[in-house]
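Below, each chain spelled out in residue letters.
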Amino acid sequence: MPAAPPIVDLRRLLAERFPRAHAPAAPSRPSGQSIGIPQLDSLLGGGLLHGGITELVGSGNGSGSAQVLHCLLRQVADSGRFLALVDGADSFDVDAAEAEVLARLLWVRCCKTDEALKATDLLLRDRNIPLVVLDLKLNPEHELRRIASSIWFRFGRLVEHHGTTLLVITPQSMVGAADLRVQVESRLDLKSVAAGPAVVVDGLQFQMLRAMVEGGGNERREAG
Amino acid sequence: MFAVLYLPDFGLQAVLRHEPAVAGKPVALVDPGHATPRVFLMTAAARVGGVEMGQTAVQAMARCREVVIRHRSLKQETAATEAVLQVAFGFSPHLELTGPGTITLDLRGLAELQDTASDGASPNPTPRLAAWAQRLQTVIRGLGLQVRIGTGPTPTVARHAARWSDGIELVTDAPAFIASLPVAALEPSVHVASILQQWGVRTVGELLALGQAELADRLGLEAFGLFAAASAGALRPLHLVRPVECFEESLELEFPVETLEPLLFLLRRFTGQIGCRLEACGFVAETLHLTLRLESGAVLERRLRIPQPTRAPDALFGMLHTHLESVRTDAPIVAVGLAADPARPEQRQFSLFEAALRDPNQFQETLARLSALVGADRVGTPQRDASHRPDAFKLMPPDFENAPPVGTVRAVELLRPTPQRRLRPAVRTTVERERPAAQGVSIHARPVALRGPLASGTITRSLGPWCSSGHWWEPEAWSREEWDVETQRHQVVRLACRNGEWTVEAIMD
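Protein chains in written order, with our numbering: chain A, 1 to 224; chain B, 1001 to 1509.
FYI, nobody ran anything at the bench for these hints, they're computed from the structure.
These stretches of chain A come out as covered by chain B in the derived footprint (C-beta under 8 Å, 3 or more residues): (1) 60–67; (2) 104–115; (3) 175–189; (4) 194–206.
Below are the DSSO-like pairs computed for lysine-lysine, each with C-alpha atoms no more than 30 Å apart in a straight line: (5) B:K1075 to B:K1025; (6) A:K112 to B:K1394; (7) B:K1394 to A:K118.
A short, non-exhaustive set of chain A residues, derived as facing chain B with CB atoms under 10 Å: (8) F92; (9) D126; (10) R127; (11) K137.
Where a beta carbon is used, it is the ideal one built from N, C-alpha and C, also for glycine.
Chain A with its partners taken away, still in its complex shape:
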């Protein structure tokens, strides 16, 4: 029996609004921006998800999220691209990056969480920046708790439609619309600081908390 016209219309509307959810199962996820940390890239299946949100959870002190950010920045610069960093607490370490790497960075220094979210929204709508990083690691917890979950879904819609890559660095799992969620769980100490960034990065440990199943289209697996 043919489907009633309203249901057909509804399906078409949903397919238009959520194209990826209604697309046929892809053989694999689209390859994204490599971060430059082999263990993390392999965990993510090549890099950050193109047209999706990746959440990097760095809980506690010395988790290593700043190391990941700098590795990503160097990798992006190496590939001749550029990225925008929305720095939620103005904590980016300029001294740790080379001049030619910094030249490919748009840095938005925010003081509050809502400022950072608005700035991210503007950048995602701009469509000129292929990769946006929202760093909320040092933002106060009470501000982070006030973020409405609808904001993340709005960001998800924007990156999906514009083909942007969004990386959100958070102190705890909070991005409901994240396609990928990885926890960096290192405990960096003074000895590793003295050893240099290469040693620090080699010692970083990651754990996948959420991922789209390969070839499964829209199915998700939760862990942790």
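Chain A is fixed; fit chain B onto it per the hints.
Quick look at chain B alone, frame taken from chain A:
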């Protein structure tokens, strides 16, 4: 072939072209240069309302209550003339400013209007000419001006055609056209006009039929002038002018503006007209100059650089809109001006793998919005200062397309510092130094404990000190001592001591 652009009631049009709100209303124009300003131009609605030429403003308002009185503005007339000249220059390079609101174009040699038939036959050029005139009229209407266009074999015929047409008049049979004109087209003196009226001469054809010599015997030398004005074959050289490459629109506001909306309405018109003029001349705008004169007498000037020069009105307006959203003035605005620096459009071939901005103008607008959100000094590309001072940098406007190639100046990996998370501003803390057994506290003694909002406790490991100083020859000399420390709770922080005051400058993450 010549064409004449005639803008009827030019002074009135020049004043009203930025005021579409009064279109259709009775408007009278008075000249403030006279001791008693009198009406010398008016709209049809004012004429219907009873306003007459030569009346004072008070008399005109007594006759027609709704009449809007406007002052003549030579500045606006000059601006309108420049605008029309610039647009016309895009249609023919040979222009003459024949009079206020009258421009003559020499169409001879224009490839667009040339005979393209190869068989030598003379095809009818009228359709091409009509299309050409129609396009010109449309563009000038885009400037907010009504224009009549006439073409003819001589400038005189074209001028008559323009003045006595309703829109576009293409004269192919010049003698017949001239003969059909009323005698007033030759602009005789009042005395001669009354004589001709008494004779029953109504048209130029009837006048010419009287004969030049006979008419001169009766009317004197003016008859020669009338015959010259009625000549269908007399050519004269044009006094060619070249439009200035200045694209500016301005308006003195009738009432001070206090909100953004009316200002944006005006700027929308300005950008549209400037874009139209730039397009006619084959230019794009590379910089916008916005001038706002305040009621207090202060002048607010802003220069907006356009990253990807354009003449698209929407892009230009978008930049102004974004910028004005963050502008606050101390007093209402009484005059607005907008000028564009012209530039030739850049032709660029992108390479296959080049990562370039999709829409640089959109990007510039986003940057402006970000600046409005977080502050202009908090958005940009960081550039380290030429100093050894930690965390010394400035933010520059992003220029991704001219970024240096990667890998050319990359530091040796061993020299690269481990990234940390900076605390801006640094957090004050209390540090206890190690007490040597012998003579008191050494100035570089190792910190053994710290107490502060971010980290506190006994220090289990420490690296340092790293002492640095700079600018000792200037008043803003600096000197500092740094330590990387790890507390018993495994917190790794960077401590800095300046003038005996300790701060946590960064945390390891």
